[in-house]
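Undergrad: Read off the chains here:
Protein chains: 2
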Amino acid sequence: MLEQGLVIVVSAPSGAGKSTICALLEKKLPRLRCSVSFTTRPRRPGEKNGRDYFFIAPEKFKAMIRKKEFVEWARVHDHYYGTPRSFLDKTVRAGNDVALNIDVQGALSIRKLYPRAVMIFVMTPTFAELKRRLVRRRQDSGETIRRRLANARKELRYLPSYDYLVINDRLQTATREIESIINAEHHKLKNIRKPVFI
Amino acid sequence: MLEQGLVIVVSAPSGAGKSTICALLEKKLPRLRCSVSFTTRPRRPGEKNGRDYFFIAPEKFKAMIRKKEFVEWARVHDHYYGTPRSFLDKTVRAGNDVALNIDVQGALSIRKLYPRAVMIFVMTPTFAELKRRLVRRRQDSGETIRRRLANARKELRYLPSYDYLVINDRLQTATREIESIINAEHHKLKNIRKPVFI
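So the protein lines, in turn, are chains A and B.
Mapped onto the working numbering, the consecutive letters of the first sequence carry residue numbers 1 to 198.
Mapped onto the working numbering, the consecutive letters of the second sequence carry residue numbers 1001 to 1198.
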C-alpha cells in the first residue's frame, strides 16, 4: 500500500547498541535495509568494510562531497562521516525501508530532506549503564569514554526533535519495540496511498 | 513512562471484525481494557450483557445523558448507543489504555475531547468481502445487509480523520498490526513524560 519505502533514522549515543539493533532489524523485517555510511576514520579491530562502514580515503570522501553523493555528511574529531544518497533513494523508490544509523545533526538534516522520515532515539536506561557498556566493550580509553558520555548528554538535548524514544534495556525488547514502530508507521494514513475499496 | 493510558478508538464497518479484534487485543496487551458501550437496542442471540453491551431501557439511557455520564452518545435507527465516561477516565488515569469500538461520528467526538486519542480504522480488503462476512454470520436480512454496506461506504469517507488503517484480511494479522500500533504509540515522545536520564 505504501507509495515508497520509509526513511527510518535511528540515533543513539555511542554504546547504546544502535548498530546491533539495526542488524537484528534487517533480519526480522524483510523490507528493511540498513544504510552503510562512508567514513575516513581508521577501521577498528572487528570492523568490516562494507558492513560497519565503507572506509575510504579523505580525498575520495571530498570528491564524493563535491559530486553531492551524500544526503548528509559531517566532520567529527578530524574524521568525515557521510550517508550515501544513491542507496537511500534507490531503496525507498523500490518500496523498501531504509534505516540510517546517524547522529543528531545528521538526523536533523535528513528530516529536512525527507520530512516524513521516522525519527527514533535509542538510549540506555541510565547514563551509568551507558558508561558500563562503554567500559565493557574495552574499545576506548578513559578519556574517550568521558568524551562519549559528555557527547551523549549533548545529543539527548535533541530528543524533542525525535518521534519515538526506545530504551535499550534488553536488546531483544528494544528491537521488538522498533519493529512495532516501523510496522505501525506502515499503517499510518499519511504514509499510504489513498486506499480504494471495491 | 506514560503519564496516563492511551485512548484508542477502533472504528470499523459492521462485519469487519472490530469486536473480535478488541477481545483478542485485551488478551494480548495486559494494559488494555475494552470499553463496553450502553445501548437501548434489544439483545441479539449470543450477545451477553456487560460483555457486548450494557443493555438498558430508554428511560435509563436518557437519565444517563442528563447526568452527562457519556463521553459520546448517538441515536441510530431508533436506538441509543453511548460510551460511558467513568470507565474511560478511570482506566486512563490508572495508566491503562482504553479501547473504544465506536462509529465514525463517535470517533470524531472522542478526538475533540481527547486530542491525543489514537484513531484506527479497520476495514475488510474489499466491499465484496465485507458483504460475504455479513452474509456468512446469518444475523441480518438482505435489506439490513444492504443498509450496512451503504453505511460502510459512508463511514469510509471519514477515513482521512483517522491516524491508521488496518486491513482485516486475516484476523490474527490485523490484531498483531493493531498491537504494533499501540506499542509504537507508547514510545511516541508526545505521549511520554519528559524522560530524565541519570
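The set of hints was computed from the structure by calculation and includes no laboratory data.
The reader is advised that the hints may include incorrect statements.
[Said to hold, decoys possible] Pairs of lysine-lysine, BS3-like flavour, derived with a Cα cap of 30 Å:
{"hint": "1", "chain 1": "A", "residue 1": "Lys-28", "chain 2": "A", "residue 2": "Lys-60"}
{"hint": "2", "chain 1": "A", "residue 1": "Lys-194", "chain 2": "B", "residue 2": "Lys-1090"}
{"hint": "3", "chain 1": "A", "residue 1": "Lys-131", "chain 2": "A", "residue 2": "Lys-68"}
{"hint": "4", "chain 1": "A", "residue 1": "Lys-188", "chain 2": "B", "residue 2": "Lys-1060"}
{"hint": "5", "chain 1": "A", "residue 1": "Lys-90", "chain 2": "A", "residue 2": "Lys-67"}
{"hint": "6", "chain 1": "A", "residue 1": "Lys-194", "chain 2": "B", "residue 2": "Lys-1131"}
{"hint": "7", "chain 1": "B", "residue 1": "Lys-1154", "chain 2": "A", "residue 2": "Lys-27"}
{"hint": "8", "chain 1": "B", "residue 1": "Lys-1060", "chain 2": "A", "residue 2": "Lys-194"}
{"hint": "9", "chain 1": "A", "residue 1": "Lys-188", "chain 2": "B", "residue 2": "Lys-1090"}
{"hint": "10", "chain 1": "B", "residue 1": "Lys-1190", "chain 2": "A", "residue 2": "Lys-131"}
{"hint": "11", "chain 1": "A", "residue 1": "Lys-154", "chain 2": "B", "residue 2": "Lys-1131"}
{"hint": "12", "chain 1": "A", "residue 1": "Lys-154", "chain 2": "A", "residue 2": "Lys-194"}
[Said to hold, decoys possible] Some residues of chain B that are not near chain A, with every Cβ distance over 12 Å (derived):
{"hint": "13", "residue": "Thr-1040"}
{"hint": "14", "residue": "Arg-1043"}
{"hint": "15", "residue": "Ser-1086"}
{"hint": "16", "residue": "Arg-1147"}
Cβ atoms here follow ideal geometry from the backbone N, Cα and C, with glycine treated the same way.
Undergrad: Next pair to validate is Lys-154/A with Lys-194/A; report whether the Cα-Cα distance is within 30 Å.
TA: Roughly 40 Å between the alpha carbons, so the hint for Lys-154/A and Lys-194/A is violated.
Undergrad: Given the hint that Lys-188/A pairs with Lys-1090/B, does the C-alpha gap stay at or below 30 Å?
TA: At roughly 28 Å apart (the allowed maximum being 30 Å), Lys-1090/B and Lys-188/A satisfy the hint.
Undergrad: Non-interface claim for Thr-1040/B: all C-beta distances to chain A beyond 12 Å?
TA: holds, 31 Å
Undergrad: Verify that the Cβ of Arg-1147/B lies farther than 12 Å from every Cβ atom of chain A, and report whether the claim holds or is violated.
TA: holds, 17 Å
Undergrad: Could you grab the alpha-carbon distance between Lys-1154/B and Lys-27/A and see if it respects the 30 Å cut-off?
TA: Given pair Lys-1154/B, Lys-27/A is violated - Cα atoms ~41 Å apart, limit 30 Å.
Undergrad: Given the hint that Lys-1190/B pairs with Lys-131/A, does the C-alpha gap stay at or below 30 Å?
TA: holds, 28 Å
Undergrad: Against the 30 Å threshold, does the CA-CA distance of Lys-194/A and Lys-1090/B hold or violate the hint?
TA: violated, 37 Å
Undergrad: So if I understand the rule, the pair passes when the alpha-carbon distance is 30 Å or less; does Lys-194/A with Lys-1131/B pass?
TA: holds, 22 Å
Undergrad: Test the statement that Arg-1043/B is away from the interface with chain A: the closest C-beta pair must be farther apart than 12 Å.
TA: Non-interface label stands for Arg-1043/B: nearest chain A Cβ at 31 Å, farther than 12 Å.
Undergrad: Quick one, are Lys-1060/B and Lys-194/A close enough, alpha carbons at most 30 Å?
TA: Roughly 43 Å separates the two Cα atoms, so the pair is violated.
Undergrad: Given the hinted pair Lys-154/A and Lys-1131/B, is their Cα-Cα distance within 30 Å?
TA: Between Lys-154/A and Lys-1131/B the Cα gap is close to 56 Å, so the pair fails against 30 Å, i.e. violated.
Undergrad: Given the proposed pairing of Lys-90/A with Lys-67/A, does the C-alpha separation stay at or below 30 Å?
TA: Within the cut-off at roughly 17 Å; holds.
In summary, the structure is inconsistent with hints 1, 2, 3, 4, 7, 8, 11, 12 from the numbered list given earlier, while agreeing with the others.
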